[in-house]
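Visitor: Sequence:
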Amino acid sequence: MVSDTDIEQADGALSYAWPLADGLFEVLCLDYPDVVRFVTTSRLAGQDIDRMRETARRNTAAEPIQGVEAVEDDGGDVQWLYGASSFVASKILDLQALVGQYIPEPSHGVVIGVPNRNHLFLHAVTTSKRMLAAINLMSSVCPAFCKEYPGPINGNLYYWKDGVLQRISREAPETGQVYVEFSGAIGTALAELPD
23 MVSDTDIEQA
33 DGALSYAWPL
43 ADGLFEVLCL
53 DYPDVVRFVT
63 TSRLAGQDID
73 RMRETARRNT
83 AAEPIQGVEA
93 VEDDGGDVQW
103 LYGASSFVAS
113 KILDLQALVG
123 QYIPEPSHGV
133 VIGVPNRNHL
143 FLHAVTTSKR
153 MLAAINLMSS
163 VCPAFCKEYP
173 GPINGNLYYW
183 KDGVLQRISR
193 EAPETGQVYV
203 EFSGAIGTAL
213 AELPD
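Number 106 in the working numbering belongs to position 84 of the sequence shown; there are no gaps in the numbering.
Please keep in mind that the hints were generated in silico from the structure rather than gathered at the bench. Just so you know, even glycine gets a beta-carbon here, dropped at the ideal spot from N, CA and C. Do not rely on the hints blindly, as some may be mistaken.
[Said to hold, decoys possible] The following label-pair restraints were derived from C-beta to C-beta distances:
| hint | residue 1 | residue 2 | range |
| --- | --- | --- | --- |
| 1 | Asp-53 | Asp-33 | 37 to 47 Å |
| 2 | Ala-92 | Lys-169 | 22 to 32 Å |
| 3 | Asp-26 | Arg-65 | 17 to 27 Å |
| 4 | Ala-106 | Lys-169 | 13 to 23 Å |
| 5 | Asn-158 | Arg-73 | 37 to 47 Å |
| 6 | Asp-33 | Asp-217 | 47 to 57 Å |
| 7 | Leu-66 | Thr-27 | 31 to 41 Å |
| 8 | Thr-77 | Ala-213 | 35 to 45 Å |
| 9 | Pro-126 | Asp-53 | 41 to 51 Å |
| 10 | Thr-62 | Asp-217 | 30 to 40 Å |
| 11 | Ala-35 | Val-90 | 33 to 43 Å |
[Claimed, not checked] Derived lysine to any residue pairs resembling SDA-like cross-links, with alpha carbons at most 20 Å apart:
| hint | residue 1 | residue 2 |
| --- | --- | --- |
| 12 | Lys-169 | Ile-125 |
| 13 | Lys-183 | Ala-106 |
| 14 | Lys-151 | Ala-106 |
| 15 | Lys-169 | Asp-72 |
| 16 | Lys-151 | Tyr-201 |
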(Lines of atoms letter the chains of each structure in order from A and count residues from 1; the text may use other names and numbers.)
(Lines give C-alpha, C1' and ligand atoms only; values in the text may rest on other atoms or scores of the structure.)
Protein backbone atom coordinates (compact mmCIF):
# COMPACT_ATOMS: atom_id res chain seq x y z
CA MET A 1 0.00 0.00 0.00
CA VAL A 2 1.30 3.46 -0.91
CA SER A 3 0.23 7.08 -0.89
CA ASP A 4 -0.55 9.29 -3.85
CA THR A 5 2.84 10.96 -3.26
CA ASP A 6 4.60 7.62 -3.86
CA ILE A 7 2.63 7.16 -7.09
CA GLU A 8 3.56 10.66 -8.30
CA GLN A 9 7.24 10.21 -7.40
CA ALA A 10 7.36 6.87 -9.25
CA ASP A 11 6.90 8.83 -12.49
CA GLY A 12 4.71 6.24 -14.21
CA ALA A 13 6.52 3.16 -12.84
CA LEU A 14 3.43 2.30 -10.75
CA SER A 15 0.79 3.22 -13.32
CA TYR A 16 -1.04 -0.07 -12.68
CA ALA A 17 -1.72 0.86 -9.01
CA TRP A 18 -5.26 0.18 -7.80
CA PRO A 19 -6.91 3.13 -6.03
CA LEU A 20 -8.34 2.24 -2.62
CA ALA A 21 -9.44 5.71 -1.53
CA ASP A 22 -8.35 9.30 -2.08
CA GLY A 23 -4.60 9.36 -1.40
CA LEU A 24 -4.22 5.59 -0.97
CA PHE A 25 -3.26 2.93 -3.53
CA GLU A 26 -2.60 -0.80 -3.63
CA VAL A 27 0.60 -1.92 -5.38
CA LEU A 28 2.45 -5.20 -5.63
CA CYS A 29 5.68 -5.58 -3.64
CA LEU A 30 8.61 -7.95 -3.41
CA ASP A 31 9.66 -8.57 0.18
CA TYR A 32 13.39 -9.20 0.50
CA PRO A 33 15.09 -9.81 3.88
CA ASP A 34 16.40 -6.24 4.11
CA VAL A 35 14.09 -4.23 1.86
CA VAL A 36 10.64 -4.13 0.30
CA ARG A 37 10.56 -3.15 -3.38
CA PHE A 38 7.57 -2.09 -5.45
CA VAL A 39 6.86 -4.15 -8.54
CA THR A 40 6.99 -1.74 -11.46
CA THR A 41 4.64 -1.62 -14.41
CA SER A 42 7.45 -2.70 -16.76
CA ARG A 43 8.09 -5.86 -14.68
CA LEU A 44 4.42 -6.80 -15.02
CA ALA A 45 4.52 -6.88 -18.82
CA GLY A 46 3.22 -10.23 -20.04
CA GLN A 47 2.21 -11.33 -16.52
CA ASP A 48 -1.24 -12.28 -15.26
CA ILE A 49 -1.62 -9.23 -13.04
CA ASP A 50 -4.97 -10.33 -11.59
CA ARG A 51 -3.50 -13.65 -10.47
CA MET A 52 -0.47 -11.86 -9.01
CA ARG A 53 -2.74 -9.49 -7.10
CA GLU A 54 -4.77 -12.40 -5.75
CA THR A 55 -1.59 -14.15 -4.60
CA ALA A 56 -0.25 -10.95 -3.04
CA ARG A 57 -3.49 -10.44 -1.10
CA ARG A 58 -3.35 -14.04 0.18
CA ASN A 59 0.25 -13.50 1.28
CA THR A 60 -0.69 -10.24 2.98
CA ALA A 61 -3.53 -11.94 4.84
CA ALA A 62 -1.04 -14.54 6.13
CA GLU A 63 1.39 -11.92 7.48
CA PRO A 64 1.41 -11.83 11.29
CA ILE A 65 0.22 -9.03 13.52
CA GLN A 66 2.62 -9.25 16.45
CA GLY A 67 0.97 -6.89 18.88
CA VAL A 68 -2.25 -5.11 19.71
CA GLU A 69 -2.63 -2.34 22.23
CA ALA A 70 -5.72 -0.47 23.29
CA VAL A 71 -5.03 3.26 23.29
CA GLU A 72 -7.51 5.44 25.16
CA ASP A 73 -7.64 9.19 25.53
CA ASP A 74 -10.51 11.51 26.41
CA GLY A 75 -13.09 8.79 25.79
CA GLY A 76 -11.61 7.70 22.46
CA ASP A 77 -10.65 4.05 22.17
CA VAL A 78 -8.34 2.94 19.39
CA GLN A 79 -6.84 -0.46 18.60
CA TRP A 80 -3.17 -0.13 17.63
CA LEU A 81 -1.98 -3.12 15.59
CA TYR A 82 1.72 -3.45 14.86
CA GLY A 83 4.43 -5.88 13.87
CA ALA A 84 7.78 -6.43 12.20
CA SER A 85 5.99 -7.28 8.96
CA SER A 86 6.00 -4.51 6.39
CA PHE A 87 2.43 -5.45 5.54
CA VAL A 88 0.53 -4.78 8.78
CA ALA A 89 -1.08 -1.62 7.36
CA SER A 90 -2.02 -3.56 4.22
CA LYS A 91 -4.43 -5.60 6.34
CA ILE A 92 -6.99 -2.93 5.42
CA LEU A 93 -7.24 -4.67 2.04
CA ASP A 94 -9.47 -7.18 3.84
CA LEU A 95 -10.86 -5.44 6.92
CA GLN A 96 -13.65 -7.97 7.15
CA ALA A 97 -11.02 -10.57 8.11
CA LEU A 98 -10.13 -8.45 11.17
CA VAL A 99 -13.71 -8.36 12.46
CA GLY A 100 -14.10 -10.36 15.62
CA GLN A 101 -10.46 -10.61 16.60
CA TYR A 102 -9.40 -6.96 16.24
CA ILE A 103 -12.56 -5.07 15.35
CA PRO A 104 -15.72 -5.49 17.39
CA GLU A 105 -19.10 -5.13 15.69
CA PRO A 106 -18.48 -2.76 12.74
CA SER A 107 -22.11 -2.03 11.82
CA HIS A 108 -21.54 1.74 12.23
CA GLY A 109 -18.19 1.61 10.43
CA VAL A 110 -14.53 1.83 11.38
CA VAL A 111 -12.18 4.84 11.48
CA ILE A 112 -8.73 3.82 10.21
CA GLY A 113 -5.21 5.20 10.16
CA VAL A 114 -2.37 3.69 8.09
CA PRO A 115 0.59 5.94 8.91
CA ASN A 116 3.28 3.47 7.85
CA ARG A 117 3.74 -0.13 6.76
CA ASN A 118 4.12 -1.58 10.26
CA HIS A 119 1.24 0.14 12.07
CA LEU A 120 -2.54 0.15 11.73
CA PHE A 121 -4.96 2.12 13.91
CA LEU A 122 -8.64 1.15 14.14
CA HIS A 123 -11.68 2.53 15.93
CA ALA A 124 -14.96 0.63 15.67
CA VAL A 125 -17.65 3.32 15.70
CA THR A 126 -20.32 2.96 18.39
CA THR A 127 -21.30 6.46 19.53
CA SER A 128 -20.66 9.96 18.21
CA LYS A 129 -18.79 11.02 21.36
CA ARG A 130 -16.40 8.05 21.25
CA MET A 131 -15.89 8.39 17.49
CA LEU A 132 -15.03 12.10 17.74
CA ALA A 133 -12.62 11.42 20.62
CA ALA A 134 -10.95 8.61 18.63
CA ILE A 135 -10.65 10.84 15.55
CA ASN A 136 -9.08 13.55 17.71
CA LEU A 137 -6.55 11.05 19.08
CA MET A 138 -5.77 9.47 15.69
CA SER A 139 -5.46 12.83 13.91
CA SER A 140 -2.42 13.61 16.06
CA VAL A 141 -0.94 10.10 16.34
CA CYS A 142 -1.12 9.06 12.67
CA PRO A 143 0.70 12.08 11.17
CA ALA A 144 3.39 11.71 13.86
CA PHE A 145 3.84 7.97 13.15
CA CYS A 146 4.01 8.74 9.41
CA LYS A 147 6.90 11.15 9.98
CA GLU A 148 8.78 9.24 12.68
CA TYR A 149 8.77 5.63 11.48
CA PRO A 150 10.22 3.94 8.37
CA GLY A 151 7.92 2.98 5.51
CA PRO A 152 5.60 5.99 5.66
CA ILE A 153 2.23 5.74 3.91
CA ASN A 154 0.28 8.81 5.03
CA GLY A 155 -1.09 10.50 8.12
CA ASN A 156 -4.66 10.67 6.84
CA LEU A 157 -7.69 9.07 8.43
CA TYR A 158 -10.19 6.92 6.58
CA TYR A 159 -13.69 5.66 7.28
CA TRP A 160 -14.71 2.15 6.25
CA LYS A 161 -18.26 0.88 6.10
CA ASP A 162 -19.87 -1.85 4.01
CA GLY A 163 -16.64 -2.44 2.08
CA VAL A 164 -16.19 1.21 1.04
CA LEU A 165 -13.15 3.21 2.18
CA GLN A 166 -13.48 7.02 2.37
CA ARG A 167 -10.77 9.53 3.18
CA ILE A 168 -11.97 11.83 5.97
CA SER A 169 -8.96 14.00 6.86
CA ARG A 170 -6.65 16.43 5.15
CA GLU A 171 -3.52 18.17 6.33
CA ALA A 172 -3.03 21.82 5.44
CA PRO A 173 0.46 21.92 3.88
CA GLU A 174 1.22 25.44 5.08
CA THR A 175 0.28 24.87 8.75
CA GLY A 176 0.32 21.09 9.26
CA GLN A 177 -3.15 21.41 10.81
CA VAL A 178 -5.36 18.33 10.28
CA TYR A 179 -8.94 18.90 9.15
CA VAL A 180 -11.63 16.23 9.29
CA GLU A 181 -14.47 16.26 6.76
CA PHE A 182 -17.78 14.80 7.92
CA SER A 183 -19.37 14.32 4.52
CA GLY A 184 -20.56 11.23 2.69
CA ALA A 185 -20.87 7.98 4.64
CA ILE A 186 -19.20 9.27 7.81
CA GLY A 187 -21.51 12.30 7.88
CA THR A 188 -24.50 9.99 7.60
CA ALA A 189 -23.14 7.76 10.37
CA LEU A 190 -22.49 10.74 12.64
CA ALA A 191 -26.06 11.98 12.17
CA GLU A 192 -27.50 8.55 12.98
CA LEU A 193 -25.26 7.62 15.93
CA PRO A 194 -26.33 7.87 19.55
CA ASP A 195 -24.34 10.32 21.66
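Visitor: If a hint holds in the structure, say so; if it does not, say that too.
Guide: Okay, the hints, checked on the actual structure:
The hinted range of 37 to 47 Å is not satisfied by Asp-53 and Asp-33, whose Cβ atoms lie roughly 23 Å apart. The hinted range of 22 to 32 Å is satisfied by Ala-92 and Lys-169, whose Cβ atoms lie roughly 24 Å apart. One distance hint, 17 to 27 Å for the beta-carbon pair Asp-26 and Arg-65, holds here, with the actual separation near 21 Å. Checked against the hint of 13 to 23 Å, the C-beta distance between Ala-106 and Lys-169 comes to roughly 20 Å, which is consistent with it.
Between Asn-158 and Arg-73 the beta carbons are some 42 Å apart, a value that agrees with the proposed interval 37 to 47 Å. A hinted range of 47 to 57 Å holds for the C-beta pair Asp-33 and Asp-217, which are about 49 Å apart. Against the hinted window of 31 to 41 Å, the Cβ-Cβ separation of Leu-66 and Thr-27 comes to about 21 Å, which falls outside the hint. For the pair Thr-77 and Ala-213, the supplied restraint of 35 to 45 Å holds, since their beta-carbon distance comes to about 41 Å.
Between Pro-126 and Asp-53 the CB atoms are about 31 Å apart, so this pair departs from the stated range of 41 to 51 Å. For Thr-62 paired with Asp-217, a C-beta distance near 50 Å fails the hint of 30 to 40 Å. The supplied range of 33 to 43 Å is met by Ala-35 and Val-90, whose beta-carbon atoms lie about 35 Å from each other. With a C-alpha separation of about 26 Å, the suggested pairing of Lys-169 with Ile-125 is violated against the 20 Å cut-off.
For the suggested pair Lys-183 and Ala-106, the alpha carbons sit about 28 Å apart, so the restraint of at most 20 Å is broken. About 33 Å separates the Cα atoms of Lys-151 and Ala-106, which puts this hinted pair outside 20 Å; it is violated. Under the criterion of a C-alpha separation no larger than 20 Å, the hint pairing Lys-169 with Asp-72 is inconsistent with the structure, at around 33 Å. Taking the CA atoms of Lys-151 and Tyr-201, the gap is near 18 Å; set against the 20 Å cutoff, the hint holds.
Figure legend: structure checked against the earlier numbered hints; hints not met, in rising order: 1, 7, 9, 10, 12, 13, 14, 15.
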